[in-house]
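Spelled out, the chains give:
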Amino acid sequence: MRRKYGVADTTFSRIDMGAIAIKTITKEDPDAEIVRYTVPGIKDLPVAAKRLLDSGCDGVITLGWVGKSMLDKYSYLAASIGLITTQIITSKHVIDVTIHEDEAEDEEQLKNIAIDRVTKHSINLVKLIRDGKNSLTPFAGKGLRQGYGNAGPIED
Amino acid sequence: MRRKYGVADTTFSRIDMGAIAIKTITKEDPDAEIVRYTVPGIKDLPVAAKRLLDSGCDGVITLGWVGKSMLDKYSYLAASIGLITTQIITSKHVIDVTIHEDEAEDEEQLKNIAIDRVTKHSINLVKLIRDGKNSLTPFAGKGLRQGYGNAGPIED
Amino acid sequence: MRRKYGVADTTFSRIDMGAIAIKTITKEDPDAEIVRYTVPGIKDLPVAAKRLLDSGCDGVITLGWVGKSMLDKYSYLAASIGLITTQIITSKHVIDVTIHEDEAEDEEQLKNIAIDRVTKHSINLVKLIRDGKNSLTPFAGKGLRQGYGNAGPIED
Amino acid sequence: MRRKYGVADTTFSRIDMGAIAIKTITKEDPDAEIVRYTVPGIKDLPVAAKRLLDSGCDGVITLGWVGKSMLDKYSYLAASIGLITTQIITSKHVIDVTIHEDEAEDEEQLKNIAIDRVTKHSINLVKLIRDGKNSLTPFAGKGLRQGYGNAGPIED
Amino acid sequence: MRRKYGVADTTFSRIDMGAIAIKTITKEDPDAEIVRYTVPGIKDLPVAAKRLLDSGCDGVITLGWVGKSMLDKYSYLAASIGLITTQIITSKHVIDVTIHEDEAEDEEQLKNIAIDRVTKHSINLVKLIRDGKNSLTPFAGKGLRQGYGNAGPIED
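Chains as they are written, first to last, in full-length UniProt numbering: chain A, 1 to 156; chain B, 1 to 156; chain C, 1 to 156; chain D, 1 to 156; chain E, 1 to 156.
Isolated chain A (complex conformation) (with noise of 0.2 Å):
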């Protein structure tokens, strides 16, 4: 059966990540029926994901950027929070991307940063969803990075 992907981002974001989540996804699997969502802010997604998931989607990757203040942070609780209740309540996957402006020291970096995270956690949706729970198995304590190089397994 076609398989139906979410793609819910914001319009806070810097960068426009779901344009890379929508390609990624169309490269992964491509029969595959993608539904884009764009909210104001990373409060606002998961509802976008719980609209998504109620419209037929067999998964959704949110994209959530996140400024630097200790009330920004208190913000991305409450809306990881958020997130995963939308899971529980649904029992599907909805992958959270998010990007902190403090991550990087500029610019380029930050924009490095967050292509390779949405193009990793974009693969990670489609396997999980197309493939199931055990895709991500071979890759079980490889000690896999989003953004950033993998860190590798402690060896023995």
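Since the hints were derived computationally from the structure, they do not count as laboratory data. Check each hint, because a few of them may be wrong.
Claimed, not checked - As a list, the in silico BS3-like pairs of lysine-lysine whose alpha-carbon atoms are at most 30 Å apart:
hint : chain 1 : residue 1 : chain 2 : residue 2
1    : A       : K73       : A       : K120
2    : E       : K120      : E       : K23
3    : A       : K133      : E       : K111
4    : B       : K73       : C       : K111
5    : C       : K68       : A       : K68
6    : B       : K73       : D       : K111
7    : B       : K142      : B       : K127
Treat the numbers as computed from the prediction; the structure is a model and nothing was measured.
Please arrange chains B, C, D and E on chain A, whose structure you already have, making use of the hints.
Only chains B, C, D and E this time, still in chain A's reference frame:
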């Protein structure tokens, strides 16, 4: 069909943000019905939003005002979680506008932030309710800000 | 129809705030039925409110007292989230009055804060339950405070 | 009708608080049925309480023990939210007794705190379940403490 | 009846904790069916646990790995709340094993902590699922630790 918007505000706020929201929504969507609900403070906003949605509103904007202390910020966190839970349960948008007293150095600046943030988010609410999930997509990744000037997108 | 109010208080509190709430509600709405529920501490208030609402109360006021330590503040956060969840589930108001031991420099000041806050919020509860969602709208944006003097609105 | 109490404790605790609770409840309500449930640590207590309530307990006392680090405190916060959610969903009391390792300067003091707190809260549970919502009202605002001597009421 | 256990692990982890859990559960309960579910990171564990329980697992062990930054700790808090909510909704155990990168001074120590913690909690899960609510009662208050040596009970 005629849209119905909820506006939830507080007596704690030092600016009549409800009036700004009603004026903006009326201008953006002249046919709309608008229902106002005033409560004491931010921790009362989630149930106000829930009751407005229960009574048939298509979407709600909440207008919170938060003090400077750590306890105020904890209340902000609890209220934010509650507003997100309300949206997940109802699958409807509640745009959460919050002004923090420590955002600005004087009252005039605080007022300008409030006016800008309420106006922009009232327009966001109308767009999402009336025009749907892709109404804001042209602005995805554009670094829009409410209360301040836009950050803008990170250019290549 | 005769209104029914719930008053939930604690044995942890150092002031009999329940008595103040009952006296105020009785004065404001003489026909009302008032049901009191006393629990050990703030983390027991959400279930007390839930049970009062289950038994037919139209609204509840909870009267919490919080110590000075970081752990007390975490308990405050957990209780606040619980009180908001209770309201979302029931779609009824639970006005949350909390006194923090570190709000004042001596016991007399603390007592004055408690009396003022409980009295004002008891009146808020009556207004919301009896007179509805626009009963407080004349005071929207007026910078009202409970426990302290009003901050007042920011003037043009 | 014969009452049924749940006692949920942990293997993480360094004191057998379950035994103290059972002894106290038995003394206060000799006809009661008591069901014990032992889990590894505090994050397992909410589901233990939920399962005890599912199996017919009228109320539950949980007996948590928390380490000194910031992560332990985050776990305490998550567990507290869970215990409150359990109560809201079931509309039944779960009295939450927690001992923090950094509450005392030595083991003997910690033991005294634990004995006092468990004993007093076990009595609170019996009173609330057997005698109802006004059983503790004579002590409302009296500044009762569990684990320490009472703070007492603020006198006029 | 043959028991069914869920094992949820991550690709973020630097140690293959899923393999340790499966080996331990198999040894403790040779007849058991074990279902593995691998996700990217800790914020995906609650829905993995929920889906495992939906598909008939009697209980689940989740195996999280958490970085050193404050944001990692916020994610830990959100995930912990989600795992507890999952348990409350399903009334089933989800034993939450978490390794924090800052728990140890070098990789070897971190590996020893992980092996010890996963092994002991896998045994805890089998005991709770197979032998029920009093299977751990002989160890109540004994100061058991996972990842470190036991603290032991406070003696009289």
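Inset, instruction - Please work out if K142/B and K127/B have their alpha carbons no farther apart than 30 Å. - result: Holds, at about 17 Å.
Legend entry - Distance restraint between K68/C and K68/A, which requires alpha-carbon spacing of 30 Å or less: holds (29 Å)
Inset, instruction - Quickly compare the C-alpha distance for K133/A and K111/E to 30 Å and report which way the hint goes. - result: It holds: about 25 Å lies between the C-alpha atoms, which stays within 30 Å.
Inset, instruction - Given the hint that K73/A pairs with K120/A, test it: the Cα-Cα distance must not exceed 30 Å. - result: holds (24 Å)
Inset, instruction - Sort out whether K23/E lies within 30 Å of K120/E, counting only the CA atoms. - result: holds (12 Å)
Inset, instruction - Sort out whether K111/D lies within 30 Å of K73/B, counting only the CA atoms. - result: violated (35 Å)
Inset, instruction - Could you grab the alpha-carbon distance between K73/B and K111/C and see if it respects the 30 Å cut-off? - result: holds (24 Å)
Hint 6 alone, counting from the list given before, is not met by this structure.
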